[in-house]
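Novice: So the sequence lines, in the order shown, correspond to chains U and E. So for the first sequence, my numbering puts the first residue at 228; every next one is plus one. So for the second sequence, my numbering puts the first residue at 112; every next one is plus one.
Derived by calculation from the structure, the hints in this document are not laboratory data. Keep in mind that the hints are not guaranteed to be accurate.
For the chain E half of the interface with chain U, some residues (derived, Cβ under 10 Å), not all of them [said to hold, decoys possible]:
#1 Ser-134
#2 Arg-136
#3 Gly-138
#4 Arg-194
#5 Glu-204
#6 Ala-211
#7 Arg-256
Selected chain U positions facing chain E (Cβ under 7 Å, derived; list incomplete) [said to hold, decoys possible]:
#8 Val-233
#9 Glu-241
#10 Gln-440
#11 Pro-444
#12 Ala-447
#13 Val-450
Ideal Cβ placement from N, Cα and C applies to all residues, glycine included.
Below are the chains, spelled out letter by letter.
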Amino acid sequence: MSAAGVVYWKEMRESLRDRRVLMNSLLLGPLLGPILFLVMMRLVVGRELEKAEQPLPVVVIGAERAPELVDALRQMGLEVKPPVADPELAVREQRIDLALRVAADFGAAWREGRPAEVEIIYDSSRREGGSDVDRLRGMLEGYSHRNGALRLLARGLSPGVATPLVVANRDTATPQARGALLFAMLPYMLVLTIFIGGLWLAIDSTAGERERQSLEPLLANPVPRDRILLGKLMATASFSTASLTLGLLAFLVVGQFMPTEQLGMSLALGPHFFAVALPVLVPLVLLLCIGQILIAAFARSVREAQTYLGLAQLVPIIPSIVLSILPVKAKLWMFAVPLLGQQLSIMRLLRAEPVPMLALALSAVVTLLAALLVFLVTRRVYESERLAIST
Amino acid sequence: MIEVQGLHKSFGAKHAVDNVSFSARDGEITGLLGPNGAGKTTTLRMLYTLMKPDAGSVRVDGRDAVLEPLAVRRTIGVLPDSRGIYKRLTARENIEYFAALQGMDEAATRSSCDALIATLGMQDIAGRRTEGFSQGERVKTAIARALVHAPRNVLLDEPTNGLDVMATRALRDFLRSLKAAGRCVLLSTHLMQEVAALCDRIVIIAHGRVVADGTPDELRALAGESQLEEAFVKLIGEAP
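Given only the sequences and the hints, what does the whole structure look like? Please build it.
Specialist: Next up, the structure:
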């Protein structure tokens with residue numbers, strides 16, 4: 228067997244006997260993402276659905292001045308709350324979410340056919356109130372429109388006269404696409420799974436061996452150091468890939484329990500997703516593992532390595548955030564950027580859109596080249612005299 | 112056979128090893144004796160090619176350690192200052208790992224392992240994972256894996272550190288058996304009794320320099336002292 232193979236099998240054997248490694252790499256890493264997702268989805272979806280069905284409580288000031296309006300609003304799901312003394316102050320101090328004030332001359336204006344005024348009092352800087360305000364405004368506009376049409380009819384005119392423009396909303400987001408927006412963080416979850424899967428072996432390969440004083444005797448063997456590095460990298464990548472595979476399978480299972488259909492969405496989390504996502508991500512596994520080993524090689528102790536790698540884990544979240552805030556149109560060159568390319572591919576897969584073979588190939592080749600480059604850098608670090616010496 | 116000529120090594124402004132020359136012959140036990148921080152470990156590290164000398168040469172059985180590090184590593188067995196073993200592997204697996212890295216085949220590995228386990232009295236512990244081993248059991252495992260490829264030259268950095276009396280005696284007997292087999296044994300120590308009990312030749316190092324080199328009798332004569340310890344103190348004191 229080659230020297231790299233000897234190192235590989237020893238690392239595998241040792242790690243498979245380590246309960247802590249098994250827990251982190253093969254249980255915690257793969258399950259963290261999917262479970263977090265299920266919980267998040269249930270919370271988000273649950274709240275959206277609740278809001279749409281529940282009555283909307285609104286403080287109404289001057290309800291007695293517009294009894295017909297208030298009745299109509301009640302039928303549309305408004306729950307009339309008793310008035311408060313200073314509604315502006317109450318909203319500002321967050322004692323109430325929003326208030327509706329019927330103007331003092333509402334009755335007179337209505338009877339005379341002049342525009343009658345109502346005010347919505349709310350705080351737009353408070354995010355959770357936003358959809359409530361939209362609901363109330365929608366109710367009021369609907370009421371206004373209906374009555375306007377009735378008045379036109381009463382004067383013998385077609386209601387269409389007052390509606391020169393009809394704006395129809397046609398949302399081209401397919402159900403899959405809407406679901407994928409909620410899933411913008413899923414690729415990062417997968418990257419995190421790769422990270423956690425290889426974390427312990429990457430740390431152990433240098434900082435760990437040095438701390439346990441076994442690196443110096445190891446390097447006294449007649450084996451070039453890059454073979455030792457290669458064996459350790461392959462063992463790290465094996466655990467990482469195992470973690471990723473289990474994570475993808477977990478998403479497959481969890482996908483069945485996602486309440487996506489209640490929101491009129493569907494996500495392509497089927498066997499096809501699994502079969503394509505795994506090969507798409509394997510080059511990234513190699514890049515992230517050798518990156519972890521490189522970072523850990525600079526650390527003086529295991530604890531220090533954990534700190535460095537903990538920070539490094541946050542780097543891959545950047546493309547996720549950028550893509551969810553600025554939904555850019557994917558250009559071919561973007562697939563050539565490691566992390567970003569895989570991210571885009573996974574998003575497309577989730578939306579059940581085809582990913583061009585050229586993009587997939589470009590992403591894989593560039594990522595593998597990047598991994599090779601980092602390997603060469605790490606080899607230089609491995610060749611240095613200081614690597615083995617702890618003090 | 113290990114020949115060291117004019118070895119230099121600095122870390123920053125500190126001269127850790129300053130023009131060290133000596134040789135360790137086959138069939139002899141040579142002791143590198145010196146106080147802590149004298150440069151013994153650094154010297155040994157250059158011998159087993161973990162470090163490159165700034166100047167000077169190391170030849171092991173005629174091979175240059177800088178030019179042919181892999182070939183040199185095949186002919187030496189090393190018990191370094193750090194002697195961590197893998198605690199999730201059994202003692203035998205630890206030894207087999209190094210045998211595989213030395214490129215030995217399965218049959219050779221098995222017979223060599225069996226022989227070392229018998230010689231070092233490790234039969235009871237060979238199949239156990241090394242987690243929870245005593246200091247003596249760990250050193251035995253580390254020595255066995257260092258010597259599994261039957262190297263002609265054996266380098267040991269403070270081999271009896273942390274060992275109890277019985278383990279120390281057993282180790283000394285083992286080193287004498289290596290000597291009897293014609294191997295070249297080089298050990299470093301800061302313990303007087305160690306070299307007195309064991310070594311055929313003594314190289315005294317202080318402040319990174321060789322201050323004396325000879326048989327125990329020659330050193331006693333050189334310092335004009337009948338006790339080796341007195342000779343040692345006197346010789347070190349003479350160093351700048």
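Novice: For a quick check of understanding: which of the numbered hints are violated here, in increasing order?
Specialist: 1, 2 and 3
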